[in-house]
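Protein chains: 2
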Amino acid sequence: MSSKTASKTKAKPASEAKLAQKKSRLSPAEREHQIIQGAIAYFAEAGFSGQTRELSKRLGITQPLLYRYFASKQDLVDRVYQTVFEGRWNPQWLALLQDRDLPLRERLVEFYRQYSAATYRPEWIRIYMYAGLSTPSLNQRYIKLIRRELLPVVCRELRLYCGIDDQATKVSNEEMEFYWSLHGGIFYFAVRHHVYQIKNPVDFMGNVGFAVDNFLAGAKTVYPRVVSGR
Amino acid sequence: MSSKTASKTKAKPASEAKLAQKKSRLSPAEREHQIIQGAIAYFAEAGFSGQTRELSKRLGITQPLLYRYFASKQDLVDRVYQTVFEGRWNPQWLALLQDRDLPLRERLVEFYRQYSAATYRPEWIRIYMYAGLSTPSLNQRYIKLIRRELLPVVCRELRLYCGIDDQATKVSNEEMEFYWSLHGGIFYFAVRHHVYQIKNPVDFMGNVGFAVDNFLAGAKTVYPRVVSGR
DNA sequence: GCGTTTATTTATCAGCTGATAATATATCGT
DNA sequence: ACGATATATTATCAGCTGATAAATAAACGC
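Chains A and B, in that order, are what the protein sequence lines are.
For the first sequence, the working numbering assigns the number 1168 to the initial residue and increments by one for each residue that follows.
For the second sequence, the working numbering assigns the number 1168 to the initial residue and increments by one for each residue that follows.
By construction, these hints were calculated from the structure, which means they are not laboratory data.
Among the hints, erroneous ones may be present.
A partial selection of chain B residues facing chain A, derived with a Cβ cut-off under 7 Å [unchecked claim]: (1) Gly1299; (2) Leu1300; (3) Pro1303; (4) Gln1307; (5) Ala1378; (6) Gly1385.
Glycine included, C-beta positions come from ideal geometry on N, C-alpha and C.
Generate the whole structure from the sequences, applying the supplied hints.
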C-alpha cells in the first residue's frame, strides 16, 4: 500500500506501468467499464455471493468507490447479467443456417464454431450457471430466445433435409426438444470443460463434427417419426 | 415461538403433531440424519453460501445445535456432498447394459429410465451444479467414475452394434466423448428442467427414446469413423 | 424418586459485509 | 496559478454470520 501511495504521489508519468492502467483517476465511463469487466471476471469465479471488498481489491480501487458507480451490489450484479447475456446472439447465424447452397452439415458445424466462440467461454458459462441456480428467470429468457430464433429455423432445415416437404406447419415442442438433444450435448461438453474443468484431450470442433454427423445421419429416419408423433 | 415453547412445556403426547416429528429430544443418530436431510434440501435451494441460522430455522432447531453434530459448516457441507453423491451409482446397470438378449436400444432406454430416477432429481442436480462451480474436484471424481464404469462398457456394446468386432482394443477418448454427446444431451434436459425450471410439456422418457433411436441410427455409419479416427 | 448424563437452548463474541458520511486529492477551466 | 468540480480514499456503522460457552431441561440408570 505504501509503495502504491508513493508512486501515486510522485506521479511517474514516464513509465506507463507494467500492467495496463495504473492511472488513478479515470473518467466515469472508463471506471464504470473497468468495474463491470472486473465484476464479470470476479463473479464468474466466486459466484454472486462474492464480496465487494474482494472485487475492489482485484480492481485496485477502494470498496466504497464501487458505490459511486452502482447504487448497490445488486445493481452491479444486474449490470453484469445484462452485459454478459446481451448481444451474444448474432442474427446473421439465421442466414447462415438457412443458406441452402451449403450442405446442412456444414452450416451446423460452422454455426457451432461461431456460437461456441461467442458463448462457450468460462465467464459466460459460469455466470450462466450461477444465474440459473439463483435467478433462473434470466436463463428462461435466454432459452425463450433460442426457442424463438434458433430452433424453428433449424427444425425447418431439418425437415427439408429429411425429405419432409412441409415448411408451413408450426414446429412442435417435440421437434424442438429433439434438436435440443444435440444442442445440449454440445453445450454440456463446454460445461464439463469450463465449469468442472475437465482436461480433455479431445478436440472440441472435431467432437462437434462427429456429433452433427451422427445427429443428421440418424435424423433421416428418426426425425420424420418425431414430426409425425411416431 | 411462544406457542412452540408452550406446547413443549405442556408436553402434549396425545397428538403426534401434524408434521412428522415434533419430538424435541432426538437420539444423536436421528438428529444427525435429520440435519443432513434438511441441509441437502436447503443447500440445494440456496447454495452452499446459505446460512446456518436459516437452515436451523427450517429444521425447527436452534443454530448452535448444529455445532454439536458438526464441527463446522464446512463439515456439514462435506457430509451433504458425501450423502448426495455416494451410492447413486448402481453396479447392476452394467449387467443391464451388457445383457445382449435385449436390443441395445431397449437397454439404453431402460438404463436412462433408472439412471434418471436415481440422479435427475432437483437436489442432486442442483447440488451437483453448485459443487461444480465451487469445488469441481467432486464432479471430476464423479466424471471419472462414469468414464471408468459406464463409458467403456457402453462403447464396447456400441462397437458390436455397429459391426465392429474388436472388443479388445481400449476404448479411446474420442469414442467416450462421442457417446457423451448423447449422455450430456439427456442430462442437460434435466438441467433445464430442475435448474432453469423450464416447464416442458414434452415427456422425458419419450424424448430419451427419440434421442437414443437417433443416436443409434446415426452411430451405424458414424461410430466406425470415430473408432478408426476418421 | 433422585442424581447423573446429555440433548438442547440462551447469551454472546469476533470478524465479515454492504453501505454511508466525511475527508482528501487529482483534474480542468479560466 | 488558482479555485471549482468531481474522483477517490479514509473512517465508520449496523446487521449478519460462523462459532463458542454457559445455562436449561429432558431422559436414563439405579
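Would you check whether B/Gly1385 satisfies its interface hint, that is, whether its CB is within less than 7 Å of any CB in chain A?
holds (3 Å)
Hint validation: B/Gly1299 versus chain A, beta carbon distance must be below 7 Å. Holds or violated?
holds (5 Å)
Can we keep the B/Ala1378 interface hint, with Cβ of chain A closer than 7 Å?
Check passed: Cβ of B/Ala1378 comes within 4 Å of chain A, closer than 7 Å.
Should the hint that B/Pro1303 touches chain A count as held when the rule is a Cβ pair under 7 Å?
Check passed: Cβ of B/Pro1303 comes within 5 Å of chain A, closer than 7 Å.
Does the CB of B/Leu1300 sit less than 7 Å away from some CB of chain A?
At 6 Å from the nearest chain A Cβ, B/Leu1300 passes the 7 Å test, so the hint holds.
B/Gln1307 was flagged as interface toward chain A. Is the shortest Cβ-Cβ separation under 7 Å?
holds (6 Å)
In this structure, none of the earlier numbered hints is contradicted; all agree with it.
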